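Residue numbers (my numbering), protein chains in the order written: chain A, 1 to 278; chain B, 1 to 278; chain C, 1 to 278; chain D, 1 to 278.
No lab work stands behind these hints, which were simulated from the structure alone.
Be a bit skeptical, because a hint or two may be false.
Because identical chains cannot be distinguished in the list, a pair is counted as satisfied if it fits within a single copy or across any two copies.
What the hints assert, rightly or not - With a straight-line cut-off of 30 Å between C-alpha atoms, the simulated DSSO-like cross-links for lysine-lysine are:
id, residue 1, residue 2
1, LYS127, LYS83
2, LYS65, LYS79
3, LYS200, LYS79
4, LYS40, LYS200
5, LYS81, LYS260
6, LYS40, LYS81
7, LYS200, LYS81
8, LYS82, LYS40
9, LYS83, LYS260
10, LYS273, LYS75
Being a predicted model, the structure only gives us computed values, none of them experimental.
4 protein chains.
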Amino acid sequence: MHTHILLVDCRDEEGLVHRVTGVLYRHNCNIISNGEFVEKETGHFFMRTEFWGQVSDEEITGELKTALPPDTRIKLVKKLKKKIVIFATKEHHCLGDLLLRNNFSEMSADILAVVSNHSLLKELTDKFGIPFHYIGHEDLSRSAHEEQILQIIDGLEPEYIILAKYMRVLSRNFVSMFPHRIINIHHSFLPAFIGANPYKKAFDRGVKIIGATAHFVTDDLDEGPIISQGVVPVDHTHSVDDMIRAGREVERLVLAQSLKLVLEDRVFVHNNKTIIFD
Amino acid sequence: MHTHILLVDCRDEEGLVHRVTGVLYRHNCNIISNGEFVEKETGHFFMRTEFWGQVSDEEITGELKTALPPDTRIKLVKKLKKKIVIFATKEHHCLGDLLLRNNFSEMSADILAVVSNHSLLKELTDKFGIPFHYIGHEDLSRSAHEEQILQIIDGLEPEYIILAKYMRVLSRNFVSMFPHRIINIHHSFLPAFIGANPYKKAFDRGVKIIGATAHFVTDDLDEGPIISQGVVPVDHTHSVDDMIRAGREVERLVLAQSLKLVLEDRVFVHNNKTIIFD
Amino acid sequence: MHTHILLVDCRDEEGLVHRVTGVLYRHNCNIISNGEFVEKETGHFFMRTEFWGQVSDEEITGELKTALPPDTRIKLVKKLKKKIVIFATKEHHCLGDLLLRNNFSEMSADILAVVSNHSLLKELTDKFGIPFHYIGHEDLSRSAHEEQILQIIDGLEPEYIILAKYMRVLSRNFVSMFPHRIINIHHSFLPAFIGANPYKKAFDRGVKIIGATAHFVTDDLDEGPIISQGVVPVDHTHSVDDMIRAGREVERLVLAQSLKLVLEDRVFVHNNKTIIFD
Amino acid sequence: MHTHILLVDCRDEEGLVHRVTGVLYRHNCNIISNGEFVEKETGHFFMRTEFWGQVSDEEITGELKTALPPDTRIKLVKKLKKKIVIFATKEHHCLGDLLLRNNFSEMSADILAVVSNHSLLKELTDKFGIPFHYIGHEDLSRSAHEEQILQIIDGLEPEYIILAKYMRVLSRNFVSMFPHRIINIHHSFLPAFIGANPYKKAFDRGVKIIGATAHFVTDDLDEGPIISQGVVPVDHTHSVDDMIRAGREVERLVLAQSLKLVLEDRVFVHNNKTIIFD
Chain A
1 MHTHILLVDC
11 RDEEGLVHRV
21 TGVLYRHNCN
31 IISNGEFVEK
41 ETGHFFMRTE
51 FWGQVSDEEI
61 TGELKTALPP
71 DTRIKLVKKL
81 KKKIVIFATK
91 EHHCLGDLLL
101 RNNFSEMSAD
111 ILAVVSNHSL
121 LKELTDKFGI
131 PFHYIGHEDL
141 SRSAHEEQIL
151 QIIDGLEPEY
161 IILAKYMRVL
171 SRNFVSMFPH
181 RIINIHHSFL
191 PAFIGANPYK
201 KAFDRGVKII
211 GATAHFVTDD
221 LDEGPIISQG
231 VVPVDHTHSV
241 DDMIRAGREV
251 ERLVLAQSLK
261 LVLEDRVFVH
271 NNKTIIFD
Chain B
1 MHTHILLVDC
11 RDEEGLVHRV
21 TGVLYRHNCN
31 IISNGEFVEK
41 ETGHFFMRTE
51 FWGQVSDEEI
61 TGELKTALPP
71 DTRIKLVKKL
81 KKKIVIFATK
91 EHHCLGDLLL
101 RNNFSEMSAD
111 ILAVVSNHSL
121 LKELTDKFGI
131 PFHYIGHEDL
141 SRSAHEEQIL
151 QIIDGLEPEY
161 IILAKYMRVL
171 SRNFVSMFPH
181 RIINIHHSFL
191 PAFIGANPYK
201 KAFDRGVKII
211 GATAHFVTDD
221 LDEGPIISQG
231 VVPVDHTHSV
241 DDMIRAGREV
251 ERLVLAQSLK
261 LVLEDRVFVH
271 NNKTIIFD
Chain C
1 MHTHILLVDC
11 RDEEGLVHRV
21 TGVLYRHNCN
31 IISNGEFVEK
41 ETGHFFMRTE
51 FWGQVSDEEI
61 TGELKTALPP
71 DTRIKLVKKL
81 KKKIVIFATK
91 EHHCLGDLLL
101 RNNFSEMSAD
111 ILAVVSNHSL
121 LKELTDKFGI
131 PFHYIGHEDL
141 SRSAHEEQIL
151 QIIDGLEPEY
161 IILAKYMRVL
171 SRNFVSMFPH
181 RIINIHHSFL
191 PAFIGANPYK
201 KAFDRGVKII
211 GATAHFVTDD
221 LDEGPIISQG
231 VVPVDHTHSV
241 DDMIRAGREV
251 ERLVLAQSLK
261 LVLEDRVFVH
271 NNKTIIFD
Chain D
1 MHTHILLVDC
11 RDEEGLVHRV
21 TGVLYRHNCN
31 IISNGEFVEK
41 ETGHFFMRTE
51 FWGQVSDEEI
61 TGELKTALPP
71 DTRIKLVKKL
81 KKKIVIFATK
91 EHHCLGDLLL
101 RNNFSEMSAD
111 ILAVVSNHSL
121 LKELTDKFGI
131 PFHYIGHEDL
141 SRSAHEEQIL
151 QIIDGLEPEY
161 IILAKYMRVL
171 SRNFVSMFPH
181 RIINIHHSFL
191 PAFIGANPYK
201 KAFDRGVKII
211 GATAHFVTDD
221 LDEGPIISQG
231 VVPVDHTHSV
241 DDMIRAGREV
251 ERLVLAQSLK
261 LVLEDRVFVH
271 NNKTIIFD
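With the rest of the complex left out, here is chain A (with noise of 0.2 Å):
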């Protein structure tokens, strides 16, 4: 018996909601929760559904298949812990936080191991006992960097790869190969302030909050679909650097906020947008 995550998305029609509890009750699933949200603008069906049963992922996958329209995109997972790496240049607060959350125990994932091009963080990630692994870019291009580090991934086989301050763009050949599995944790309230140096912007700006925002990373540097965002009054009296620790508490914050959403299959990506169920 376990607990499982159904995640179906398609076109909108009449009698979905109805067609896909009819698999989950003919297989004697008890529901715990569900959730379902139609779009609009789009037309589109978004449903997750949390249910306990003892059932064969691939006949109830099967059985969605033939009772919903054949573009339906099915998603049926075990909730089970993921497992994911996390890339780091310098900054230690985001990675600081993640490794506390791993070693109790507390995210629905396992680290694997801490990939960086710098140095500096080792000292933080082995006090946890977690692989890191240094990859510096310096003479080296995007994609031979890259390269190395895939060599990395591709042993550890991560559902997700977590952007905890990494400060190297990626390549769009590297994103197209983890599609919508990048999670990237940008140091402002997106749209605004796009690119480097936010904090710098923002206090040249006189603006009275700052924030954080948490997106899938896709080719469009800071353009991916935002998954969580959040915000901290600031004031006159906050210089630059005020501005980043400021900042600092609601970046890991958000991408806390951000993993676990995405981590426990809440998450749908449709047209650049996420739908969440929470």
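With chain A held as given, fit chains B, C and D onto it using these hints.
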């Protein structure tokens, strides 16, 4: 063709979602949104469905009764404006906000009348062309006072009574006539500072956040099911009066939010708690 | 005996607080509250003092001029209500909120008149007995339209002009006549979604938080010094219209907050930023 | 040359700011920031000044004593890291957060040691090279247990003791030895849910927001001066355990915020309230 809202709650058992959606499917209804929740502690099932179709309410309700367990509570309503009556005393901020929203048809309700134990807010109410009933409580027993109020209400048949800073305690008898149909805005973050003068108590305690709570009124003062709460930061520079002023902003926001939820039939009450599909 | 507010700003140097308080001390003024801030980047000194005393404004100002560096800006005012004029177009929520607050003397201001390029809000304004000036912009050049507005304003001599969702861009010429005396509420969390249709842009981008920004109006559209910002969470269930509705709540709250700060002389403007003593 | 922080509080009278700044001016100190507040209820004056200069603390303090009323409390400190000791029991989230911040020198404090009545958190503390003192309370009277703790503390001479989810009540005697020097994080939005199991109580009451409170420890359990509070929204889908998890996030944030305020000498305590210059 109408938008309908269906609320169903009963003891949890297998196949409930399937059975409910089956009835709707057979009547060619199209589900717009669907929320479901099972409370583990009590094993109770809650479902709210918004659907579109040309159906007979009696037919649907009848078939649902057949399909579902005997004790099931079923509420099926057309998505229409509710009729409400507002009770107020001397403070204008919540009343003024609701009169403005009503004036511009921004609520899922029409305000039929304002009832008050003071005449102070007549001028404000008159501006918006809403009948104002002054029913003073001086020299009257509580029951005699409420008797006069009931005569007004009886002719109006409101679905909900909104206590917009009405500073009189309603009798057990009165409350029992409108079960889960009286909504109060309490000027504190319940259960902190139950009873009178919450802002004075908050000031004396030196709290750093104050709040407001919208709840259904039950026999126990300030103990009814909570619908919505909000907070606002305060500090040592706030006098009691400053706290009262800051509190007003959150009071009217929280009251408006909770009314939206109730008037759109998004709220279940169960064991002195609310289950809300928003 | 009056409460006075003194605002002083100049290049930072030693002894400024001592010199300012010395002048007040010699006139037997009692300081109620005192805030001071030195901006490190520009080495600029800001001080706001609220004090109680029976003094001649000219005398105090004269002595301060002698005691302080030559370029010092000195503003000394009695704590009294300001005179304001509100500009609006078709949306009522900010105007309605300000009319209510004005009606119950809750602002440190008196609304002298409402000016609008549409007649839609006349009925609302009339309810509160405030003069409404409809000045249509059709078939008029921008300067001709503003000329008519100025004729109204010239007779009223307002200290501040409040753009409560006024949907016309003011000319450089008009703005220059009221430096740091025009306050706008912008329906986005600036600098995100500058320009028209911010909620549509927010919807398209799939953001999880939207906001509003109150700022002084300068030549550059949406680029003036920010006074206050606020946010509200949204999600995939929000249509553009839902975002607009949610945004209205935060717009009027942010406008009211920023007005409080400005009308109580708590705001310095320096290099397109605000320094606020609240 | 050092940054100094001066805290002064006394009964309010005319000229206090002028007198304090006069002393600093005569010693060629440059004021970086200055906050002042007069509590009207008690007529009490509070002033915090951060200044830069090469001065003798004894000289400045001596001159201030002469210049100010006899009962004035004067605290003059160099802006340096404080020494702290952390008490914990079994929960790791606050301790882990503080160890991380300490490890990267992000607090205005150095953690000298962790004291615990359980051995569970030794492994975590060891990772960061901080001494861990396990002092079990089984078979010991409260005073005997505290006696052992005091032996550890006596050697360390911490300026503050931080109760990072330390689940033992400290005796009146112990508390009296560290007046306003023990900081506790309480897992509720005080004064709601005083005492044990606040999350269970919050769940039973069906609240929509939960919170955390950091306060100085006094004789009365959960009744000491509040430093900082924070909240997080919850709903019907939150079990008690979910509330505990959500609460942890705000607990550690609130504890970190309040420590920042205390360690930077921004907090006055007066009549069971805090006056905070942030």
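Structure versus earlier hints - violations, ascending order: Hint check: nothing fails, all pass.
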